[in-house]
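S.K.: Note that the protein sequences, when read in sequence, are chains V and C.
Everything in the first sequence is counted per the working numbering, starting at 1 for the first residue and increasing by one.
Everything in the second sequence is counted per the working numbering, starting at 1 for the first residue and increasing by one.
By construction, these hints were calculated from the structure, which means they are not laboratory data.
One or more hints might be untrue.
Below are the DMTMM-like pairs computed for lysine to aspartate or glutamate, each with C-alpha atoms no more than 25 Å apart in a straight line [to be verified]:
#: 1; chain 1: C; residue 1: K144; chain 2: C; residue 2: D73
#: 2; chain 1: C; residue 1: K148; chain 2: C; residue 2: D252
#: 3; chain 1: C; residue 1: K83; chain 2: V; residue 2: D44
#: 4; chain 1: C; residue 1: K85; chain 2: C; residue 2: E55
#: 5; chain 1: C; residue 1: K85; chain 2: C; residue 2: D74
#: 6; chain 1: C; residue 1: K85; chain 2: C; residue 2: E66
#: 7; chain 1: C; residue 1: K85; chain 2: V; residue 2: D44
#: 8; chain 1: C; residue 1: K83; chain 2: C; residue 2: D252
#: 9; chain 1: C; residue 1: K77; chain 2: V; residue 2: D44
Nothing here was measured: the structure is a model prediction, and the numbers come from that model.
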Amino acid sequence: MDFASAQVIGAGLAAIGVGAAAIGVGNVFGSFLESALRNPAAADSQQGRLFIGFAAAELLGLIAFAVAMIILYAR
Amino acid sequence: MAAETKIDPMHQFAIQPLVPLHIGKYDVSFTTSSAWMVAALALIFGFMALGMKRELVPGRWQMAVEGLTGFIDDMVKVNIGPKGKRFVPYIFSLFSFILVCNLLGLLPLAIVGVHPFTVTSQFSITGVLAVVSFSIVLIVGFWKHGLKFFSLFVPHGTPVVMIPLIAAIEFISFMVRPFSLGLRLFVAMIAGHILMEVFGSFIVSGLNGGAIGGGVSLLSFLFIVGVAALELLVCAIQAYVFALLTTLYLNDAINLH
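Only chain V is shown next, with the shape it has when bound in the complex (with noise of 0.2 Å):
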């Protein structure tokens, strides 16, 4: 297998971890969401937890995409 070959597969497999990350998120979300619908007293003073949350789940998937670009465009 060429380099330029191997650099698209590897990329490619770096970028599952988008989807991951994708799950995760929803997974904030919709927990959120499932709670809030159960006590809507409470859930406006959650949304600060529930943004670090998504922020935490967010940045393992930003961090796959980077090491997908750094994969792509190495030389």
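We have chain V; now place chain C onto it with these hints.
M.R.: Frame of chain V; chain C shown alone:
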């Protein structure tokens, strides 16, 4: 087979000098990046100046400005408490600058021949913003608590045997903060713009490909409308998350834990 068209999604992030300027061996040219930063500054300044008339009965514009400042004020008050009052101007500048820069980069100005440049898609910019936030946290922490600031690395109620391990983990998580803060904003912006660029070029090249190509074109068009809406949301969320995390880190430095 149609002529091979090379999609170059990275080209949009290239910085072009508008007014070349060199001092010694340093390149300090006025670039596209600087031009869009000035535009963002002018927009924020105009928006604020028009709403700061302090009328007794606020008009629409003043309500918008008060809504924005009140939003940041609330966020700082909830997360830091009354001691955070003096950091409201910094958090506000951070939030409005990032938000306006993100949104400016998304404007469809290419129709009139101006190519928008997203200032926040460069790690040098977001990295500096993150380092500034981190330095403020360090300065405030050491100023207020002196060497007691290091107790940040040992949470309450840690068993004595666990202290070296927990302190090491807390230290690493503390030092990673500026990187994660800057990386998140920069990668979120760059990913969104690459996605839009790639699907935008699918629309154009699909039109040359007969019936199937036309179908691809139509699907890409519908997709990109959704992505554009999502990107607007991401712009706002990323600006909010940057400001929120800065307040949380400041809260650590001011109140310890």
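S.K.: Does D44(V) sit within 25 Å of K83(C), going by the straight-line distance between their CA atoms?
M.R.: The hint holds at about 23 Å.
S.K.: Keeping to a limit of 25 Å between CA atoms, is the pair of K85(C) and D74(C) held or broken?
M.R.: holds (10 Å)
S.K.: Could you grab the alpha-carbon distance between K77(C) and D44(V) and see if it respects the 25 Å cut-off?
M.R.: holds (15 Å)
S.K.: Holds or violated: are the alpha carbons of K85(C) and E55(C) at most 25 Å from each other?
M.R.: holds (24 Å)
S.K.: Starting from K83(C), check that the Cα of D252(C) is at most 25 Å away, please.
M.R.: holds (12 Å)
S.K.: Please work out if K85(C) and D44(V) have their alpha carbons no farther apart than 25 Å.
M.R.: holds (22 Å)
S.K.: K148(C) and D252(C) were given as a pair; does the straight-line alpha-carbon distance stay at or below 25 Å?
M.R.: holds (12 Å)
S.K.: Is it true that the CA of K85(C) sits at most 25 Å from the CA of E66(C)?
M.R.: holds (16 Å)
S.K.: Please verify whether K144(C) and D73(C) have alpha carbons no more than 25 Å apart.
M.R.: holds (22 Å)
Checked against the numbered hints given earlier, this structure breaks none of them.
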